[in-house]
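In the order they appear, the protein sequences are chains E and Y. All the letters of the first sequence, read from the start, carry residue numbers 1 to 280 under the numbering used here. All the letters of the second sequence, read from the start, carry residue numbers 1 to 417 under the numbering used here.
It should be emphasised that the hints constitute simulated quantities derived from the structure, not laboratory data. Because the structure is a prediction, the values reported are computed rather than measured. In this text, a Cβ means the ideal position worked out from N, Cα and C, and glycines have one as well. Do not take every clue at face value.
[To be verified] Using 25 Å as the maximum straight-line C-alpha spacing, the simulated BS3-like pairs for lysine-lysine come out as follows:
hint : chain 1 : residue 1 : chain 2 : residue 2
1    : Y       : 211       : Y       : 328
2    : Y       : 253       : Y       : 211
3    : Y       : 211       : Y       : 7
4    : Y       : 269       : Y       : 253
5    : Y       : 211       : Y       : 133
6    : Y       : 330       : E       : 187
7    : Y       : 7         : Y       : 21
8    : E       : 187       : Y       : 21
9    : E       : 187       : Y       : 7
10   : Y       : 330       : Y       : 274
11   : E       : 187       : Y       : 328
12   : Y       : 133       : Y       : 253
[Claimed, not checked] To list a few chain E residues with every Cβ distance to chain Y over 10 Å, as calculated:
hint : residue
13   : 17
14   : 41
15   : 89
16   : 92
17   : 145
18   : 169
19   : 170
20   : 176
21   : 177
22   : 183
23   : 188
24   : 192
25   : 253
26   : 265
Next come the chains, spelled out residue by residue.
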Amino acid sequence: MKTLSTKQKIAWGLIAVLVLLYTLWPLFSILMTSFKAPGDLFSGKLLPTQFSTENYQTIFAGSAGELFLPALRNSIGISLISTLIAVILATFCAYAIARLDFPGKRLILNTALGVSMFPVISIVTPLFNLWRQIGLYDTWPGLIIPYLSLTLPISIYTLAAYFQQIPWELEQAAQVDGATNWQAFRKVIVPLAAPGVFTTAIIAFFIAWNDFVYGISLTSTEAARPVPAALAFFTGASQFEDPTGAISAAAIVVTIPIIIIVVLFQRQIVSGLTQGAVKG
Amino acid sequence: MAAITLKDIVKTYDDGFTAVKGVSLDIADGEFMILVGPSGCGKSTLLRMIVGLEDITAGDLEIDGKRVNDVPPRDRNLSMVFQNYALYPHLTVGENIAFPLRLKKSELNDDEINRRVKEAAEMLELNDHLDRKPANLSGGQRQRVAMGRAIVRHADAFLFDEPLSNLDAKLRGQMRTQIAQLQRRLGTTSIYVTHDQTEAMTLGDRVAVLKKGLLQQCASPRELYEQPVNIFVAGFIGSPSMNFVPARVDNGKLQTPIGELTVPDRVLKAAQQKEMVILGLRPDFFEDEEFVDEKVREHGTVFTATPTHVEWLGNEQYAYITYEHDPKLKPVLDELAHDLDQDEIPATLVLATNSASRVRGGQEGKFWLDTRLLHVFDPDTGDNLTRDPEAGQKLTEEAAEERQREIDRANSEKTEA
Chain E
1 MKTLSTKQKI AWGLIAVLVL LYTLWPLFSI LMTSFKAPGD LFSGKLLPTQ
51 FSTENYQTIF AGSAGELFLP ALRNSIGISL ISTLIAVILA TFCAYAIARL
101 DFPGKRLILN TALGVSMFPV ISIVTPLFNL WRQIGLYDTW PGLIIPYLSL
151 TLPISIYTLA AYFQQIPWEL EQAAQVDGAT NWQAFRKVIV PLAAPGVFTT
201 AIIAFFIAWN DFVYGISLTS TEAARPVPAA LAFFTGASQF EDPTGAISAA
251 AIVVTIPIII IVVLFQRQIV SGLTQGAVKG
Chain Y
1 MAAITLKDIV KTYDDGFTAV KGVSLDIADG EFMILVGPSG CGKSTLLRMI
51 VGLEDITAGD LEIDGKRVND VPPRDRNLSM VFQNYALYPH LTVGENIAFP
101 LRLKKSELND DEINRRVKEA AEMLELNDHL DRKPANLSGG QRQRVAMGRA
151 IVRHADAFLF DEPLSNLDAK LRGQMRTQIA QLQRRLGTTS IYVTHDQTEA
201 MTLGDRVAVL KKGLLQQCAS PRELYEQPVN IFVAGFIGSP SMNFVPARVD
251 NGKLQTPIGE LTVPDRVLKA AQQKEMVILG LRPDFFEDEE FVDEKVREHG
301 TVFTATPTHV EWLGNEQYAY ITYEHDPKLK PVLDELAHDL DQDEIPATLV
351 LATNSASRVR GGQEGKFWLD TRLLHVFDPD TGDNLTRDPE AGQKLTEEAA
401 EERQREIDRA NSEKTEA
């Protein structure tokens, strides 16, 4: 790799700052809005005249709390469960695709790709009818199953790429050393694939966490409604008032887990993403 | 400890390519067998079939008389050193070595595992590195860890797949010595795949030379060098490689591009079988005329030639002489070049002379050729017409005796220590 000259460094720095400004500006605006008191909301200024935590009180303890807290619980639970299932299934599936030669291998990959290509909005209406008839409407499994259809294909693809670049010799060495196929998989392949599995898990979690269409269409009560859908049901203090402040506060709250995950695992994410693409 | 027997082993891949076309080998208990050949000769495939990583299409593989064709690798009790070492990157050196033992947990307790790992580490001078990860080790150290993992199990046989090809030249020499000593000390049957003929010549009790999936010759290094069965083995073994020149018999003498050669009757008789033959001349059959010992002078022929250039290496000197290929032999030599993984057999003679020789490029010089040692090859079949099977047999028997002595010596040292 060649080192950058000072001029190039400055240019790249400038571009980075511009991109950051462009992407972070709306977030910052929401953050500031979330700290505004109701009367301050339409002041037209970016910064609140007075920092107030009133909105946060509303969503956690106040009137919106009944809506928000169960939704937060649903979101966390549903996202974690669908991530877990997706990663476990995808690990086995991707291993088979990367290592074994079996009829229908291409079919599985193509189906996975096809499923992920299918627009969510076109499936949601039939799914709504089906779920109501078989009793999955407004339940956790009723959301986990469609989330799997979103998270599984990408998990399989990422992990298959990851498994492919683990040298096959390692597994053969383990077999010669006296390991069964399962021991070789568990003691050699899984530990080596851990960063890849992590990356996949995080990506899968984001997908489930951020979903709105399924969340709003396949739920009706706090029994299963996730946060993105719940935000739409926020109401102002009176019917003449917009719940802008509360929505902003809730938006900030749901962003926090994502930020924490990214900060904690950024090393694994970066190495996982690049290792999938570049031969080590 | 085990004897390994290969009977007409064939490997055909799913795409129809046959990599190994019926190889039979008897590897004795405690023997160091080398599989050597140019790339694509099937030597690695053969090794992988022995260890069980490739299915055997036809033929029988026996370990100690038991057919193991369908036994999975984990139950064959063989250990293998891979070309890229295949160390487990997430485990420390100690755990890498202990890995095969940990899989047999029911049979071994932790103390026994630790003791064996220590023992292996001591043998390979890895004691200071047991807690490090493979990524932090040098190439030579990684290689030793791979060896450690192989010996710790007390396996029936060691299999090596070009284990030194990733090391630099100097380290390769050291590791070669270490492997040879280790094998003698442990007395474990070993099969070693390489394309490096120095490794083949120095390590092997016997060397099996393969070409395109067929076994050409399996003999001691000395027999391969002095009594090759055909032109391929002759060209493959030896560095710089053997010179091949056309020759025909005329007036009881051999007519060659470097002049008329007076040769022993044995050679002449062999050469008379064909209208034209290929002579095989090793570079060290030649000498600068000035440096020839008077005692042997009469056994050779002196000729004059002008070398195109000369390479001085300190311990000896190579002189290069170009000549014209006979067009009739071109197809044979082209095929040979192809088999040896070369573009062509250059029409150049390489002569190894005394390093004090004053012969220089562009100046005419007088050279002497020891004609007793000449090989005569049939240009149609490539067979060695001057081969003396009995002499070859004797060389290989001598090598076997020598090996036994070395093993005895290693054993007595072990008991003394």
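Of the hints given before, which are not true for this structure?
Numbers 2, 5, 6, 8, 9, 11, 12, 18, 19, 20, 21, 22, 23 and 24, in rising order.
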